[in-house]
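**Student:** Using the hints, build the complex out of the two chains.
What follows is each chain in one-letter form.
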Amino acid sequence: MNKEIIKFTDASIGYGKTIVASGINLSIAENDFVGIVGPNGAGKTTLLKSLLGNIKLISGNLFKDQIRFGYVPQRDTVQPLLPYTVSDVVMMGRYSLSGPFQKMSNYDKRIVEESLAYIGMSELKDKNYNSLSGGQRQRTLIARALAVEPTVLILDEPTNGMDTPSHYSLLDLITRLHNEKKLTIFLVSHLLTDVANIVKKIILIDKKYFQFGNIEEILSETNLRNTYSSDFHVSLIDGEYVITPKHLKKN
Amino acid sequence: METLHQLVGLFPYAILGSILAGVICSFLGIFIVSQRVVFLGAVLTQVAIAGVAFSFLHIIHIETFIANILGVPVQGNDFLHNFEPIFYSLLFAILTVIVFSQTHHQKYLTQDGILGIIFVVTIAVRIMFIQKSPIADIAEVESILKGDILFISQKEFIILALILIFTLSVFTIFRKQLQFVTFDAESASAHGINSKVWLLIFYIIVGTGISLTTRFVGDVFAFAYLIIPSSIGILLSKKVKNVFLIAVLVGAIVPPISIYFAFKFDFSSGPTAVVTAFILFLIVFLIKKWRG
Numbered sequence: 001m002n003k004e005i006i007k008f009t010d011a012s013i014g015y016g017k018t019i020v021a022s023g024i025n026l027s028i029a030e031n032d033f034v035g036i037v038g039p040n041g042a043g044k045t046t047l048l049k050s051l052l053g054n055i056k057l058i059s060g061n062l063f064k065d066q067i068r069f070g071y072v073p074q075r076d077t078v079q080p081l082l083p084y085t086v087s088d089v090v091m092m093g094r095y096s097l098s099g100p101f102q103k104m105s106n107y108d109k110r111i112v113e114e115s116l117a118y119i120g121m122s123e124l125k126d127k128n129y130n131s132l133s134g135g136q137r138q139r140t141l142i143a144r145a146l147a148v149e150p151t152v153l154i155l156d157e158p159t160n161g162m163d164t165p166s167h168y169s170l171l172d173l174i175t176r177l178h179n180e181k182k183l184t185i186f187l188v189s190h191l192l193t194d195v196a197n198i199v200k201k202i203i204l205i206d207k208k209y210f211q212f213g214n215i216e217e218i219l220s221e222t223n224l225r226n227t228y229s230s231d232f233h234v235s236l237i238d239g240e241y242v243i244t245p246k247h248l249k250k251n
Numbered sequence: 001m002e003t004l005h006q007l008v009g010l011f012p013y014a015i016l017g018s019i020l021a022g023v024i025c026s027f028l029g030i031f032i033v034s035q036r037v038v039f040l041g042a043v044l045t046q047v048a049i050a051g052v053a054f055s056f057l058h059i060i061h062i063e064t065f066i067a068n069i070l071g072v073p074v075q076g077n078d079f080l081h082n083f084e085p086i087f088y089s090l091l092f093a094i095l096t097v098i099v100f101s102q103t104h105h106q107k108y109l110t111q112d113g114i115l116g117i118i119f120v121v122t123i124a125v126r127i128m129f130i131q132k133s134p135i136a137d138i139a140e141v142e143s144i145l146k147g148d149i150l151f152i153s154q155k156e157f158i159i160l161a162l163i164l165i166f167t168l169s170v171f172t173i174f175r176k177q178l179q180f181v182t183f184d185a186e187s188a189s190a191h192g193i194n195s196k197v198w199l200l201i202f203y204i205i206v207g208t209g210i211s212l213t214t215r216f217v218g219d220v221f222a223f224a225y226l227i228i229p230s231s232i233g234i235l236l237s238k239k240v241k242n243v244f245l246i247a248v249l250v251g252a253i254v255p256p257i258s259i260y261f262a263f264k265f266d267f268s269s270g271p272t273a274v275v276t277a278f279i280l281f282l283i284v285f286l287i288k289k290w291r292g
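Quick note, the sequences are listed as chains A and B, same order. Straight run, no breaks: the first sequence in the working numbering ends on number 251. Straight run, no breaks: the second sequence in the working numbering ends on number 292.
FYI, nobody ran anything at the bench for these hints, they're computed from the structure. Keep in mind it's a predicted model, so treat the numbers as computed, not measured. A virtual CB, placed ideally from N, CA and C, is assigned to each residue, including glycine. Heads up, a few of these hints could be off.
From the structure, some residues in chain B lie toward chain A, with a derived Cβ separation under 7 Å [to be verified]:
id : residue
1  : Ser34
2  : Thr172
3  : Phe174
4  : Lys176
5  : Ala185
6  : Ser187
7  : Ala190
8  : Val243
Far from chain B, by Cβ distances over 12 Å, these chain A residues were calculated [what the hints assert, rightly or not]:
id : residue
9  : Ile6
10 : Ile19
11 : Asn31
12 : Leu173
13 : Ser235
14 : Asp238
15 : Gly239
16 : Pro245
Next up, chain B with everything else stripped away, as it sits in the complex (with noise of 0.2 Å):
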């Protein structure tokens, strides 16, 4: 109980920004993994740290020419400040979706191909990235890159919320359309809905959703919680309603718990927040496959 009173005090926004990351990732994961794009998945939080890192070159200044625009110092501007990394990130995120929405029916390549090249790719740029940036160790670097749990901060719980809202009004308010196409997106077209530009709005919002997430809790948190959660859901579940309910509820309640195990035995938030959610997943598939 001391422990619990003592990590509610200490980081109280990373137990509620771990919840709203672990809804956002395990919503999103549904349709990473019903589309069978897991692979997507994980380029999208390379690719958004490899966004990050780019910031970190400082070749194109985006903060001034903002500043210039509205008017205000960059000196002392937090939100300035802190934008470049999440606009570089974002910025490749939207890319990469864009590339890969337009890959469906490639002649010469698959689609797990496309998203190979652009993994490694993605990786070794990073690295590049990191050996150029004027900050010195590198080890520093790549813990900013890859962002913890722990450190989410008010104004990061705040742009998570954001991103939840933006997510479930998009997914709400074009349910009926991203629904379809993403069942059979071939059909959609011939029934009147533009598949081409739907599927381009819905990886536009997925791309967006992880690469933000990832900034915040890491690329091995993000891509954990887009297929775990999503992967119990289905197992346990026989309809579509209840897979996202179950999903979504493990997303909100697993990283908070992994929290609480990982300050008290001493471990590293977002692993344990990983293995965590795999042991629930180990439980109920042993479960399901010997009900049979």
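Looking at chain A on its own, in the form it has when it is part of the complex (with noise of 0.2 Å):
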């Protein structure tokens, strides 16, 4: 059993007194890969800025070790008028780590190639963020993240609006990223199938409904209805999970 790195206990999680979602119990461990699903709303992006810190539970506890968190936003929000390239956005990483008076040390340079190298973008490194295709920007935004050197990364929506090998590259990247550098992941994606499929463990999540553990406990029919008030069709086929919602699956 790896160590324990973070727990909720009897959380709440919302804005000011408005409770988004309540009853969360939840206990991660080094190494984990979380996915967290649930409709519009259901408080995924709350669960994730309580975890990060940047809102206080309305009412529970909140246990983190000494962990570094690599933070992938969407990458539609990252939308720059300022013609960075891919060196200067993946060096952002940095400057969490370093004072107002520091400068970028050499260490910081060599974390950065490294970073770019480990995502395959050391090539691109002198081009313009705002040139690159919509994968390529992703990626810059994972190795902004790798930057931090980080325990645990968190992954908002990263395969959204993606073409079919960009999309299925970057979650092999994802799945590399916790088998090679042994990271604690916590991925958050619409697309039920793919998260099945990479993670070990999974958050469902609604205002009135909460759902934690391992995959295979996790993804029933039952437990997809609760959470997204329609119904699911969950099959395992050659080991892979294929989660269609059930009119679909009449026509």
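**Tutor:** Okay, here's the thing in structure tokens:
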């Protein structure tokens, strides 16, 4: 059993006095790979913000061991007008570790180079971030999160709006980060089949419904109906989950 | 050549001051334009003027209060005499940016909507302040409020130099934090940088720079030089450093040249500086478009 690094106990999350989700109990260990799924407005982002410490819990407790977060936002939220290069963007990951009067060191530069090399973007380091494809931008943001030298990586809808090859290539990269770098990963996604096939544990979240556990325990048609208020068909074909809405199945 | 000699002889601080004001505005403008809050620049110039108009009402005598603390007489003290307009212009601008910085995730209104409301209310209260001002001639008050590059004095030149040093120092010392939060505030927060605080600091510096510069060079000049040089920099450059370099160069070079044209052809200096910068922008834009 790996060491426990994050624990929510009877937590209610939300903004001010407005509770978005309650009854949250979960325990995350080192090298866990956790998918977070739920309908729009269910509280996925609120849960992430609570985890990151950007908003306080309304009630309950949150334990965090000495962990460092790397965060990958949805790439559409980052659309700079200034011509930042890929290298500039990744270097920003080091800014949070550096004081106001400190210059970026050779070590910082090396970490940036290594992060870019790991995600296969070294050759594009001097390219303008705005000129990249969606997949390349997402990889750049992942490299920025890696440059923080994180213990926990959080990815918010990383494959949104990508073409199929970029989509699967990115999922491969995320799996590789988990297996090779032994990172604890939180993956937020709308794509149930994707999440089900790469994560080990899953969080199903809605306003009045919260389930957390191993994928094989939690991923049931009943739990999905309770989360999404609609029917899904869950099948396991050649060891891979296929999740489809029931009305599509009928058609 | 004779015109140039006359100009330098008569208005040396106007020329130097226009360079400093151009540099301050174009530097701050890069952040304003890249943050997509151009309207904030327009609002701040009007808020600064409303602050000066408020000072003419002499409702609260800040200068007397400070003179009492310092134990010096107000009469004949130039610093105290000029303090009140600057104080209120700054106060109004800072209050505006504090309100604005809290509106990022406003549910019911857009940031533009909020800025629009502040903009029209500011113009309205400015008119009301002027109507109740003890100074009789409204046109005279308006001209005092709006500032004029040609009348930049040695003292105002020194204040502009101090604003420039302050702005550049803060942005140099806290470059990393300010760059990250203005690029991607959400991720900066996630990585441990307090985006709310840093954005507030950013807007306060911007508000301070714009309000004080507007007081000396007028709202038209200040707003135009917030937008045009930075837009030229963004159009011309493929590197962030060069955007700053080009914008600041345009901000430094175009104002004194336009003062020369204004003097030679008997135009107002502020509008001439704006039109000259616009012509440069148009040329750059057309060349860029032509080259594809």
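**Student:** If a hint holds in the structure, say so; if it doesn't, say that too.
**Tutor:** How the hints compare with the structure:
1. Ser34: holds (4 Å)
2. Thr172: Hint violated; Thr172(B) Cβ to chain A Cβ min 10 Å, cut 7 Å.
3. Phe174: holds (5 Å)
4. Lys176: holds (4 Å)
5. Ala185: At 9 Å from the nearest chain A Cβ, Ala185(B) fails the 7 Å test, so the hint is violated.
6. Ser187: Result: holds, 5 Å to nearest chain A Cβ.
7. Ala190: For Ala190(B), the interface hint holds, since the closest Cβ of chain A sits about 3 Å away, which is under 7 Å.
8. Val243: At about 6 Å, which falls below the 7 Å cut-off, the nearest Cβ of chain A leaves the hint on Val243(B) intact, so it holds.
9. Ile6: Non-interface label on Ile6(A) holds, nearest chain B Cβ at 15 Å vs cutoff 12 Å.
10. Ile19: holds (17 Å)
11. Asn31: holds (21 Å)
12. Leu173: Holds, since 18 Å exceeds 12 Å.
13. Ser235: holds (36 Å)
14. Asp238: holds (37 Å)
15. Gly239: holds (34 Å)
16. Pro245: Its Cβ never comes within 12 Å of chain B, the nearest being 31 Å, so this holds.
Comparing the model with each earlier hint shows violations of hints 2 and 5; every other hint is respected.
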